[in-house]
Structures are given as structure tokens and as C-alpha cells.
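> Here are the chains, one letter per residue:
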Amino acid sequence: DMKVTQMPRYLIKRMGENVLLECGQDMSHETMYWYRQDPGLGLQLIYISYDVDSNSEGDIPKGYRVSRKKREHFSLILDSAKTNQTSVYFCASSLGTDNTEVFFGKGTRLTVV
Amino acid sequence: GDSVTQTEGQVALSEEDFLTIHCNYSASGYPALFWYVQYPGEGPQFLFRASRDKEKGSSRGFEATYNKEATSFHLQKASVQESDSAVYYCALSVSGSWQLIFGSGTQLTVMP
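Top to bottom, those sequences are chains A and B. Residues in the first sequence are numbered from 1 upward in steps of one, following the numbering used here. Residues in the second sequence are numbered from 114 upward in steps of one, following the numbering used here.
It should be emphasised that the hints constitute simulated quantities derived from the structure, not laboratory data. All C-beta atoms, glycine included, are put in the ideal place defined by N, C-alpha and C. Mixed in with the good hints there might be a few duds.
What follows is a set of in silico ranges between Cβ atoms, one per label pair, in the way DEER data are often shown [claimed, not checked]:
no.: 1; chain 1: B; residue 1: 122; chain 2: A; residue 2: 52; range: 34 to 42 angstroms
no.: 2; chain 1: A; residue 1: 70; chain 2: B; residue 2: 115; range: 29 to 37 angstroms
no.: 3; chain 1: A; residue 1: 18; chain 2: B; residue 2: 182; range: 46 to 54 angstroms
no.: 4; chain 1: A; residue 1: 38; chain 2: B; residue 2: 142; range: 25 to 33 angstroms
no.: 5; chain 1: A; residue 1: 95; chain 2: B; residue 2: 155; range: 33 to 41 angstroms
no.: 6; chain 1: A; residue 1: 18; chain 2: B; residue 2: 154; range: 25 to 33 angstroms
Let the sequences and hints guide you as you build the complete structure.
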């Protein structure tokens with residue numbers, strides 16, 4: 001069963017708290033992604049990971065960092081969350097070629113108050 | 114940088130209407146082009162792709178043709194159903210980097 005699993009699905013944090021969003025995939029995909037989705041903006045790439053400990057910034061990396069210590073897991077960390085980081089975050093994975101399908105998780109809705 | 118433009122933010126149709134959602138792109142090189150669909154509470158799902166000029170991608174009655182000259186990849190369906198109501202995203206894959214760049218999305222609402 002090909003799946004990308006995100007935990008938690010919903011999260012409320014206070015401004016200044018640290019946030020950890022976790023993602024796993026069971027397809028042995030090399031490439032994993034973190035996107036955020038905001039109304040009117042679509043999906044914006046935060047980070048891309050090409051394999052364990054091989055991560056690159058996407059279009060909006062400021063305020064975020066990532067960790068990938070195992071191929072099947074990819075974490076997104078917000079150190080000292082800000083209210084403008086309230087969003088829906090999607091993790092995704094792919095085989096990692098230019099025209100391959102990207103598989104998405106169901107998303108984590110993060111609210112920073 | 115590379116980008117994707119979807120001009121319609123929202124489209125409202127009745128069942129059996131013809132659908133067109135416009136997608137234009139700007140990219141260096143020769144990107145692969147994609148359509149994804151997102152239902153409420155779900156992540157985007159791959160619909161289909163096209164990788165070269167004049168190639169047609171299709172799935173579930175939806176289709177789009179890669180037009181390199183016009184830098185377009187417009188989504189069409191001859192007869193929409195209520196179950197097609199969703200957000201549709203056009204995307205391109207940046208050549209050599211495996212990054213997927215999305216347009217802003219189009220909310221399709223089909224009324225019975």
C-alpha cells in the first residue's frame with residue numbers, strides 16, 4: 001500500500017513554541033518534500049530532500065529546518081513558531097526524476113496563536 | 114525563476130458542461146508538465162503528465178496537450194460531473210532538480 005503518512009493531522013501551538021511535524025513513506029522513495037498551502041498561493045516548496053542528510057532549500061525555507069536521518073522519514077521543524085506560519089503543511093515523496101509522480105500525505109493543519 | 118500561472122481561481126459549472134482550466138508556464142529548459150487534483154481533506158493526487166511538445170496527457174476523462182510554443186497545458190473535460198468538484202493544480206517539474214512548482218490552483222464546483 002503506497003502511502004505518505006503525516007502526524008499529527010491537527011496542531012495548535014503558541015507563538016514562540018517549537019513545532020515538529022513528522023512524515024513517513026513506505027515506498028522507499030529517495031526524494032521527499034515539504035510544502036505549505038495557503039489560500040490563493042497554492043503549494044509552495046519549503047524544502048526538498050534527495051536522500052538521507054541531503055537536503056536543499058525550496059522557495060520559502062526561512063523559519064524552517066528539516067531532518068532526514070532515515071530514508072522513510074522526513075521531519076519539518078519550526079523553531080519558535082510565528083503566527084504567519086499558520087498553514088496546512090504537506091509532505092510528499094517521489095522516485096526522484098523530472099517527470100515522476102509525486103505522492104502527497106493528507107496534510108497537517110497548524111495553527112499558531 | 115520558473116513559474117506556473119492559472120488564471121481562473123474559481124470555476125462554477127453545471128453537470129455535463131465543458132470544462133477548460135487555463136495553465137501557462139514559464140521555464141528555462143524543457144519541463145515536464147502535470148495536473149494534480151485535490152479533494153477536501155486530502156493531499157493533491159497525480160492526475161496525469163506530459164513530457165514533450167504536442168504530447169497529450171489524460172486520465173478519468175480529463176486531458177491536456179503540451180504546447181511548447183504557447184507555453185500552455187490547459188485542462189479540459191467534455192462533460193463534468195458533480196464528483197469532479199475539487200481544486201485542480203497545474204505544475205511543472207524543474208529540469209534536473211526534481212522540484213515540482215505549482216500554480217495557485219483552480220476551485221472547480223459542479224452543480225447538479
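> Looking back at the numbered hints, which does the structure fail to meet, lowest number first?
5
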